[in-house]
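Enquirer: Guided by the hints, dock chain B onto chain A, whose structure is given.
Quick mapping for you: the protein sequence lines, in order, are chains A and B. Quick note: the first sequence uses this note's numbering, first residue 79, plus one each step. Quick note: the second sequence uses this note's numbering, first residue 51, plus one each step.
Honestly, the hints are just simulated from the structure, not real lab data. Because the structure is a prediction, the values reported are computed rather than measured. Certain hints may be false.
[Claimed, not checked] The calculated lysine-lysine pairs, modelled on DSSO-like cross-linking and capped at a C-alpha distance of 27 Å, are:
1) A/Lys402 - B/Lys370
2) A/Lys162 - B/Lys161
3) A/Lys187 - B/Lys215
4) A/Lys221 - B/Lys215
5) A/Lys401 - B/Lys161
6) A/Lys401 - B/Lys375
7) A/Lys401 - B/Lys275
[Unchecked claim] Computed, partial: chain A to chain B, Cβ under 8 Å:
8) His193
9) Ser261
10) Gly312
11) Asp315
Backbone N, C-alpha and C fix where the C-beta goes; we use that ideal spot for every residue, glycine too.
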Amino acid sequence: MANLQNQSALYAERPEWEDVVPLPQYESVKPLAPIFYTPEYKDATDYFRGIVKTGEKSLRVLDLTENIIRQNPAHYSAWQYRYKTLMALGVPLEEELRLMDELAVKYLKTYQVWHHRRLLVQQTRNPAPELAFIAGCLQEDAKNYHTWSYRQWLLAHFNDEALWANELDFVDGMLDVDVRNNSAWHHRFFVVFQSGVRKGEEDRNEVLRRELTYVKMQISVVPNNMSAWNYLRGILDHSKTPYSTLESFVAPYCEAEPTRPDDSSKDVVDLEDPFPSLDAHLPCAAAIEFMADIHESLGGDDNLEVAIELWSSLASTHDAFRKKYWEYRIREAQSRAH
Amino acid sequence: MTQDLKLLVPLHVSYIQNLGKSQDELAYHLTAHLRMNAIYWGLTALYIMGHKDALDREEMIGFVMSCWDEEAGGFGAHPDHDAHILSTLSAIQILIMQDALDRLDVDRVVKFILSLQQPSGVFAGDSFGEVDTRFLYCAVNALSLLGRLFELDVERTVSYICECKNYDGGFGATAGAESHAAQVFVCVAALAILDRLDVVDQQTLCWWLSERQLPNGGLNGRPQKLEDVCYSFWVLSALSILNKMTWIDSEKLVSFILSAQDPESGGIADRPGDMADVFHTQFGVAGLSLLGYPGLVDLDPVYCMPASIIEARGLRKGWKSLPRKSI
Numbered sequence: 079m080a081n082l083q084n085q086s087a088l089y090a091e092r093p094e095w096e097d098v099v100p101l102p103q104y105e106s107v108k109p110l111a112p113i114f115y116t117p118e119y120k121d122a123t124d125y126f127r128g129i130v131k132t133g134e135k136s137l138r139v140l141d142l143t144e145n146i147i148r149q150n151p152a153h154y155s156a157w158q159y160r161y162k163t164l165m166a167l168g169v170p171l172e173e174e175l176r177l178m179d180e181l182a183v184k185y186l187k188t189y190q191v192w193h194h195r196r197l198l199v200q201q202t203r204n205p206a207p208e209l210a211f212i213a214g215c216l217q218e219d220a221k222n223y224h225t226w227s228y229r230q231w232l233l234a235h236f237n238d239e240a241l242w243a244n245e246l247d248f249v250d251g252m253l254d255v256d257v258r259n260n261s262a263w264h265h266r267f268f269v270v271f272q273s274g275v276r277k278g279e280e281d282r283n284e285v286l287r288r289e290l291t292y293v294k295m296q297i298s299v300v301p302n303n304m305s306a307w308n309y310l311r312g313i314l315d316h317s318k319t320p321y322s323t324l325e326s327f328v329a330p331y332c333e334a335e336p337t338r339p340d341d342s343s344k345d346v347v348d349l350e351d352p353f354p355s356l357d358a359h360l361p362c363a364a365a366i367e368f369m370a371d372i373h374e375s376l377g378g379d380d381n382l383e384v385a386i387e388l389w390s391s392l393a394s395t396h397d398a399f400r401k402k403y404w405e406y407r408i409r410e411a412q413s414r415a416h
Numbered sequence: 051m052t053q054d055l056k057l058l059v060p061l062h063v064s065y066i067q068n069l070g071k072s073q074d075e076l077a078y079h080l081t082a083h084l085r086m087n088a089i090y091w092g093l094t095a096l097y098i099m100g101h102k103d104a105l106d107r108e109e110m111i112g113f114v115m116s117c118w119d120e121e122a123g124g125f126g127a128h129p130d131h132d133a134h135i136l137s138t139l140s141a142i143q144i145l146i147m148q149d150a151l152d153r154l155d156v157d158r159v160v161k162f163i164l165s166l167q168q169p170s171g172v173f174a175g176d177s178f179g180e181v182d183t184r185f186l187y188c189a190v191n192a193l194s195l196l197g198r199l200f201e202l203d204v205e206r207t208v209s210y211i212c213e214c215k216n217y218d219g220g221f222g223a224t225a226g227a228e229s230h231a232a233q234v235f236v237c238v239a240a241l242a243i244l245d246r247l248d249v250v251d252q253q254t255l256c257w258w259l260s261e262r263q264l265p266n267g268g269l270n271g272r273p274q275k276l277e278d279v280c281y282s283f284w285v286l287s288a289l290s291i292l293n294k295m296t297w298i299d300s301e302k303l304v305s306f307i308l309s310a311q312d313p314e315s316g317g318i319a320d321r322p323g324d325m326a327d328v329f330h331t332q333f334g335v336a337g338l339s340l341l342g343y344p345g346l347v348d349l350d351p352v353y354c355m356p357a358s359i360i361e362a363r364g365l366r367k368g369w370k371s372l373p374r375k376s377i
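Chain A extracted, bound-state conformation (with noise of 0.2 Å):
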């Protein structure tokens, strides 16, 4: 037979493995939960276990493991010996990063596959190429949980003005695909407000009221988009500016068929106050939620006596799926005003 179909055959069958002793699975007990073997991955799980036994750290193990990892990427004692390895052989890391950039895209959803990566790029100290890496990643599947808390990791662990210098750039890019991906919104909060100030930013007014406009703008051409909200609230409270600032802006989300502002200013969008999109779903219930904060912030019976009426509105049409939530706002409330 020709050595065109030696890639595939089995290590039992290749004369140079003949040295390494392969070792079954043990099993002295009788296994409750048993394991089937296909023959490929018995036979090359029995050689990984051959091999580790002798302690070899050669090119064939990487093969080895390469192939395990193909057939079963959550095989964690497979990656650690693989990455072992590498360090004992001192491979160019650069060679391994290409092949993990296939086999993440094909396991985007494994651990080992990304830890594995982590470790790599700490031993590189190159993390720049990462960034493009993990973009194309996120093209796959743009909120996977992984690939962002990598890219947030890459980023805080070398802490390099050039890595962070695009990431602006980078989260508006994934939010004008896609407005509601609450992933990149989260990255958005921890590019600007958790990992430091960076050259550029220091004048934080300016920050904060940069944000404040893209959030409403967001807002605006999408008003039911919960992550827009949230986002909205955590700069409001990080920065502890009270939510009554914004009751202009919120007011309009509040009603179905709010009044549209003079015509004459049709081309001109209002930044502080952009008014909700004409294809816009409202009342918006979290517009709605919000202003009902406003008024509980700003004390006194008459604007308690509004936020109840707006929980209500809440309990009873908006959100009656959390009709519970709205009524404790409205106990909780009362309570405290008495």
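Expert: This is chain B only, laid out in the frame that chain A set:
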């Protein structure tokens, strides 16, 4: 239509019993790294359904002990797999549920668990070094069950959880990571065990949790994502620990979970129409127990184990589930 659905207990019991005899080779061997967890999920589900003796006790204990990693001092997921904190917790939980904790070298296991804590306070899963608040929870849960919580550096552990708190009141897997319902559960449950629920911004978080409910009654794990039966546990247990279970529509959620059952072969899937697995079976049943579904045994949401066992160990915290409906 869905109002007529009932929990098909006998079918799910035989589904779990038949897991060990699976004919589906490929899926089975690819999940060896979950085997210990799978047994814990199966056993807990059986317990909650009132059939705790449906699997052979000695065989199960034998399997658990065959996963002992003598070198590391912990349990792997499968014989000759390296020890990992996930499988170590499951092993401890199984031994406790089977009343066989005497088989364990407690000192060694405690040493293994404590060795995994990092300077930041988070725990690694094993020597590979992956860190995640899931592992932090496993450590806190395990040490508590073994009566050795006093050996933990609580301040450091709690400070890491604080680092994982986000602007929406939720918690992520690592500092800086997005809020996710499963991570919310592990952080809140760990804080409950450590008596540090003061860390939680309860109103904001519980509102975020209640907002996980979708019009079809199911719960998702993050805003704008799909519903999944397992969130019935992650979200619900956190709400139960914070005494806010009434903030979701329980009738709709019960219907959702029941509609994800496989009425032919048993088991529960992630959502209606998908294939069942033991993970979703356990968390569907666990969710139903917390929701007061009739005929089920009480579950402790902090430890995700039968409530009576946790109470007997003096570990019950102040959580509140919905009252059990009568049949």
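Enquirer: For each hint, tell me whether it holds in the structure or not.
Expert: Comparing the hints with the structure gives:
{"no.": "1", "hint": "A/Lys402 - B/Lys370", "in the structure": "holds (16 Å)"}
{"no.": "2", "hint": "A/Lys162 - B/Lys161", "in the structure": "holds (24 Å)"}
{"no.": "3", "hint": "A/Lys187 - B/Lys215", "in the structure": "holds (23 Å)"}
{"no.": "4", "hint": "A/Lys221 - B/Lys215", "in the structure": "holds (19 Å)"}
{"no.": "5", "hint": "A/Lys401 - B/Lys161", "in the structure": "violated (48 Å)"}
{"no.": "6", "hint": "A/Lys401 - B/Lys375", "in the structure": "holds (21 Å)"}
{"no.": "7", "hint": "A/Lys401 - B/Lys275", "in the structure": "holds (22 Å)"}
{"no.": "8", "hint": "His193", "in the structure": "holds (4 Å)"}
{"no.": "9", "hint": "Ser261", "in the structure": "holds (5 Å)"}
{"no.": "10", "hint": "Gly312", "in the structure": "holds (3 Å)"}
{"no.": "11", "hint": "Asp315", "in the structure": "holds (7 Å)"}
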